[in-house]
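Read off the chains here:
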Amino acid sequence: MLQLNCPWCGPRDETEYHYGGQAHVPYPEDPSALADEEWAEYLFFRDNPKGPFAERWVHSVGCRRWFNVVRDTRTYEVLAVYTNTEPRPDLGMGVAAGGQR
Amino acid sequence: MAKQLPEHPAWLWRDPNPKSSYDAIVIGGGGHGLATAYYLARNHGLTNIAVLEKGWLAGGNMARNTTIIRSNYLWDESAAIYEYALKLWELLPAELDYDFLFSQRGVLNLAHTLQDVRDSVRRVEANRLNRVDAEWLEPDEVAKVCPIINVSPELRYPVLGATFQPRAGIAKHDHVAWAFARACDAMGVDIIQHCEVTGFVKDGNRVVGVDTTRGRINAGLVGLVAAGHSSVLAEKAGFRLPVQSHPLQALVSELYEPVHPTVVMSNYVHVYVSQAHKGELVMGAGVDAYNGYGQRGSFHVIERQMAAAIELFPIFARAHLLRTWGGIVDVTPDASPIIGATPVENLYVNCGWGTGGFKATPSAGWVMAHTMATGEPHELNRPFGLERFTTGALIDEHGAAGVAH
Ligand SMILES: Cc1cc2nc3c(=O)[nH]c(=O)nc-3n(C[C@H](O)[C@H](O)[C@H](O)COP(=O)(O)OP(=O)(O)OC[C@H]3O[C@@H](n4cnc5c(N)ncnc54)[C@H](O)[C@@H]3O)c2cc1C
Ligand SMILES: [Zn+2]
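These protein sequence lines map, in sequence, to chains A and H.
When the letters of the first sequence are read in order and numbered with this note's numbering, they come out as residues 1 to 101.
When the letters of the second sequence are read in order and numbered with this note's numbering, they come out as residues 1001 to 1405.
Derived from the structure by calculation, the hints contain no laboratory data.
The beta-carbon is built from N, C-alpha and C at its ideal position, and this holds for glycine as well.
Do not take every clue at face value.
Estimated spans, in silico, between C-beta atoms of each pair [as the list claims (entries may be wrong)]:
#1 H:1198 with A:86: 56 to 64 Å
#2 H:1166 with A:43: 36 to 44 Å
#3 A:32 with H:1045: 48 to 56 Å
#4 H:1143 with A:89: 50 to 58 Å
#5 H:1196 with A:5: 30 to 38 Å
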């Protein structure tokens, strides 16, 4: 089981959280202008790297707030935790950590 | 039921060095990769081909799954491809001349809520329209098929009935892989283990070979059949796939006398159980919620599965757990596979089978081979192309696939 450090509540067991998948996937600015391919990208395509991954978690049974985590999907090691208003920390991983599209 | 296991076989395939060039290469030596190579050779006469496996043959999900085989999916497209597989399973032991213990002992899918009951009855009717054998059983009939299930209405999630597919069952997964490997080898297919594909060689937008840990290998056609690692490889080839990789676990007990005559699955309380020929109770868990490439999952997931198992099967309360393990499953947004062309010419993909692709091994190989050899999808995989995520023609099998199988 993972232990995640909620930015507001502190360290809690994984079972207190729910997973939200890839972080930094913005809602399209002008949805009606999107081609079908672009809608498909937005709806269905997410990064799936083997290594550092910027992802969202929500502290469902605690403060119920969303935040971001960079976690290594190979080792499950948590590399960074940050709030939605903070930029993705530069861990020297470039875009491999996913998200900036 | 407790038939003797076959002897561990002697070498069933050669251990060749890779040639510099093949007509076709299949990346991934799991069940689907081997079946693809088998049907490329058998149905299309392509024998100058190789299967490249980064680890050992069937060391991925193929020999980590809980071996449940059934075809009672909801939609026509799925029923067709899974039922085709089931019909091939019925022929394969003779065709491959290998007794891999395919046992049609039936599968019960339990319903625990009113909504479950409605969905299940609907699925039974849909299955019948597709000529898939399916029955709806009331709780007392469930108890007749599987006397060790607790059908008491006192349960927190009582058994309100079940769908039953009598022709469904299990098979011994590693033996299935060996059977295909032997047959491939006999037709001249090179099965190359410990050969990881690290990149793709392209001429413009056409794939012409692969880079591997054992050097560059040229190829006319390439099939990407890497299950949990599909998106890692797709990225190297320059495109994205709508799949997410998750850990999925299973576990077995010590050996017990035969007590469990069928296969029981419950999506709602989420456990599935059968008893292997040797006597282990084989149980599957759910996926870990997060993306992960570790072939292990979390203990709390197993704990929840065991709570469900013991409520449904009180006699398991004192069974001893022997082993747990995990695989990496590639899950799509609609819980249906992706089989077809990719944005790269001559590169085809078969992935996205998620938690339930073992049962489809023969038909997945059949249609993938067809697609690679002819450049056109087979009628059975035409609806399962990548383009469905753009057209919106999804095949939503969450109900029938669930995380259970
Ligand atoms: C715990 C568990 C239980 C399951 N239970 C069931 C069930 O009861 N019924 C059912 O129908 N399905 C079940 N499944 C799903 C089923 O196992 C998979 O859908 C199916 O095995 C996938 O096809 P495959 O056999 O080809 O995959 P795999 O055996 O995973 O084959 C993919 C292969 O590709 C190789 N590979 C990856 N990257 C590279 C590379 N770069 N170069 C070379 N080779 C590479 C891997 O090493 C691997 O051997 C289960 C899965 C798990 C994990
Ligand atoms: Zn919190």
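Against the structure, the hints come out as follows:
Remark: the range hint 56 to 64 Å for residue 1198 of chain H to residue 86 of chain A is contradicted by a beta-carbon distance near 35 Å. Distance hint check: the CB atoms of residue 1166 of chain H and residue 43 of chain A are about 39 Å apart, consistent with the given range 36 to 44 Å. At roughly 51 Å, the beta-carbon separation of residue 32 of chain A and residue 1045 of chain H lies within the given 48 to 56 Å, and the hint holds. For residue 1143 of chain H and residue 89 of chain A, the hinted distance range of 50 to 58 Å is satisfied, since their beta carbons lie about 57 Å from each other.
Here the CB-CB span from residue 1196 of chain H to residue 5 of chain A is close to 35 Å, well matched to the stated 30 to 38 Å.
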